[in-house]
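Using the hints, put the two standalone chains together into the complex.
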Amino acid sequence: MSVDDLTGHVGEWLRGTGPMSDIVISSRIRLARNIVGYPFLSRASGDEKREIYRALGDALSSAGFGSNSFFVDIENISDVDRQVLVERHLISRQHAEGEGSRGVSVSLNETHALMINEEDHLRMQVLKSGLQLETLWNDISIIDDRLGSEIEFAFDERLGYLTACPTNVGTGLRVSVMLHLPALKITGEIEKVMRAAKDLKLAVRGLFGEGTDAIGDFYQVSNQVTLGISEEEIIDMFSGQIIPQIVDYERAAREALSDQRSVQLDDKVWRAYGILENARAMASEETMFFLSHLRMGVSMGRFNQLDIGTINELFLQIQPAHLQKRNGGKLSGEQRSIARANYLRQRLGHNNN
Amino acid sequence: MGILCQCCNQANATVHLTDIQAGGEPVERHYCEACAAQEGITMKPHEPINTMIEKFVKMVPAMRDAAQLTCPNCGISFGEFRAQGLLGCPEDYTEFGELLMPLIRRAHDDCDVHRGKRPGQTNDVGKLRVQIRSLERQLEDAVAEEAFEDAARLRDQLNTLRSGYDASKHGDASEDGA
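If you read the sequences in order, they're chains A and B. So for the first sequence, my numbering puts the first residue at 1; every next one is plus one. So for the second sequence, my numbering puts the first residue at 1001; every next one is plus one.
For reference, chain B alone in the conformation it holds in the complex (with noise of 0.2 Å):
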């Protein structure tokens, strides 16, 4: 005796689902094959077994060579990191490149580019970007009262700023041979 489908309560069900809550309850679902589908639970109903097949035996090298991945530097695979979760030099970010970056967005909100403090910036260049920040908000709110004349002051007063924030980084950057 088959169960129903939870979703159309018609055909029966064919794919079973055992959710784990984040109380650690199980919750089962059951679907059948259509509904499943169209839930985005499982891959298109009418794509050939042999078609998933042939895929999945395409992947599998693919992923054993990512795994296999091994730096020149300090020796180790990029598997033995998936596996440990540490890197084991600086020079690993260049040799892992691509397969890292996707490691990284998911940790950093999808960001990739760093945009913080530089080596060799003194703490000026980040009282600059504190300031800036400051008379951004002051900007806005000025828009927001619309104090028209404050506004025009204060965004004269950026753009000086930030001629000087971008000369500053500028010149840090050259000097760290980059």
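Chain A on its own, in the form it takes in the complex (with noise of 0.2 Å):
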């Protein structure tokens, strides 16, 4: 298994199941954690990023991550392939661009991918599609256990976890909730809902995480506080709080836009399906605009044509590096265009002229 092998289908987060699935793309948690006895990532030095690399991957084999996933050096890698990882949600931007020996080991249906040397020696995540926080934990715990059974990862009694950045001490835990909120942008209420989360403490982002903008009306919300709270406490004020209202928020805003300008929404839904079904080059960011639409409709129950699971491996799929993976070389911006264009006439038209 290899990065070529991922591109062709999705993985199970994007798979539009789960609770709140309408609403809520995926569920992520991640864990980060240090071995006992090195420095942190910026004070280390190539021989060390090594040695660190080395003693995470036998851990991982000898706790017998081996069987059901797959390694990747990502030093070793192409751009492009990395940029696959990242739009996959596999490896952070920063994990992509960083420097030296580092890796990721992702389960075969991509629920899982443990980093080694991003901005810790080991970032541990597990993400499913939907609002499964719970389950999720769970899993993690379990990971977290097993490789902290072969490995000693550094630990304080009245820090918790240490980490190379002091805004993840204690649990290291972050949650990310990605959510798709395009009828709260409509009404304009978006903005609400981004101060009562600021408020709350809790950092709101766009697609690919730390600074990235919400395009296609995609917003993560996360924890920013991982001291003095537990990590169920965490989880249990996003999965019963938090997230189910933002929820109710969308919904109702939806409701509204079918009662009082049902004629608009629809025209929306259906001026985005005849773009994408019919234009010949279309940028990155219209691509999203439009999709964001389209997913709207299918979620509503007002486009009937397509399932979520295709509008969410649509997303995917016109990123650029899978548009490259899929043409078999590089592309520049405009031949990205036009490739972009030539796979949604493909998957949405009738005819493929």
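Please note: incorrect hints may appear among the correct ones.
As the list claims (entries may be wrong) - Computed footprint of chain A on chain B; a stretch qualifies when at least three of its residues, placed anywhere within it, have a C-beta under 8 Å from a C-beta of chain A:
#1 1079-1087
#2 1112-1120
Claimed, not checked - To give a feel for the contact side, a few chain B residues facing chain A, derived at Cβ under 8 Å:
#3 Ile-1104
#4 Asp-1109
#5 Arg-1133
Don't read these hints as lab results, they were simulated from the structure. Only a predicted model underlies this, so the values are computations on that prediction, with no experimental measurement involved. Just so it is clear, CB atoms sit at the ideal spot from N, CA and C, and this is done for glycine as well.
Shown next as structure tokens:
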């Protein structure tokens, strides 16, 4: 199994199933850990990074992560392959753009990805479609236990798990839930949600995490406080209060739109379909914009020619690195726009002209 | 021609502030010395300038000393950490202890003690914690509904679980040699 084998299909997290999957695209939990006896990566030499890489690689295989997973040596793959992993949310941008020995172990169904030598020595993450945080916590805690019995993690009685950045110290846990909120965007209420989230000390980011825009009306909501609160309390807060509340707002906004502006709503959805199905050159951002409207139409039952799983897949397949993999070589921005439009016509159109 | 203080509208404004709003819009504010002090914008106006300078001169070496404090284990200085935002090694948390704590508290809603999972702690302890929390919620509901028989039963269950939880946490801590 290699990066090449990934691009033809989608990971479990984009399947469009699971609780609240009309609005919740995916749930993700990551844990940050560091090995005792090594400096953090900003002070680690090339040799030390190699040692950490080997030590964690060994721990992964003796903990049994070889059989249902595959390992990618990030340092020695092409830029496009790294970008494929970023687009699939298996590694972070920071990990892709880093230096020196680094790698990721990915389960075959892409529900877990264990990054070696990102900002911390080990960043474990699990992801699934819909709102499934309890299951994810159970899964990642077992992974943490299995690796923790092979290798000693830096831990302090008072401060908990020690991380390179003090903003992650304690549990080292970050919950991120990706939401699709097109109706709140259309009604202009999204700003209210963002403000409320900030008051609750939550971060709201775009599709690819830190420093990215909310293209395609996707918003990632995540916790920032990792100390003084237990993992279960953080998860409880998300799945018991924060996410159901935002989902309710979005549903209310969708209802208001169908009650009061149903023609305009259908117009948005069908225009989106018309453009996606017929355009000859599509930039990435406008594609995301129209796919977002189409997804809203499908999940509201106003457009029945496609299912959510297919739309989710299109969101992934129109990303630059996925397009280039499918074309078997590097493409310029303009060539990508043409390839993207061709792909969309092929997937959506009735006649492949 | 001076600007009048926007607060009292009488004295000449000598304190001028430019706030950058969330949207990036600059907003100018003008106060006289007395109103600025009252608003908490400036220090007490009657503090003599030489005292202020003396305080500042004393502060600079303290800041310089803090910035130069270096971890013997990895060699990073506190100043370098501040510049890049990343620590050099796990020992920095001990070496920079008191300098670091205000930053940690600011990032974590004033908390500075870990309350989550520990190494070697099995998942059962986590599950126990989830059970305890759900019982606590049921108990609150029972009390709110004045269902006191239920509440008493829930309280007994909670006490049993809590003592089990404390025991398992203790067991883990001593195993770790902590």
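Against the structure, the hints come out as follows:
Figure legend: the stretch 1079-1087 of chain B, annotated as covered by chain A; annotation consistent (4 residues with Cβ-Cβ distances under 8 Å, at least 3 required). A count of 9 residues in the stretch 1112-1120 of chain B with a Cβ less than 8 Å from any Cβ of chain A is obtained; the coverage claim is therefore met, three being the minimum. A least Cβ separation of about 5 Å between Ile-1104 of chain B and chain A falls short of the 8 Å threshold, and the interface hint therefore holds. Interface hint status for Asp-1109 of chain B: upheld, as the beta-carbon distance to the closest one in chain A is roughly 5 Å, under 8 Å.
Hint on Arg-1133 of chain B holds. Least Cβ distance to chain A is approximately 7 Å, under the 8 Å limit.
Of the hints listed earlier, there is not a single one the structure fails to meet.
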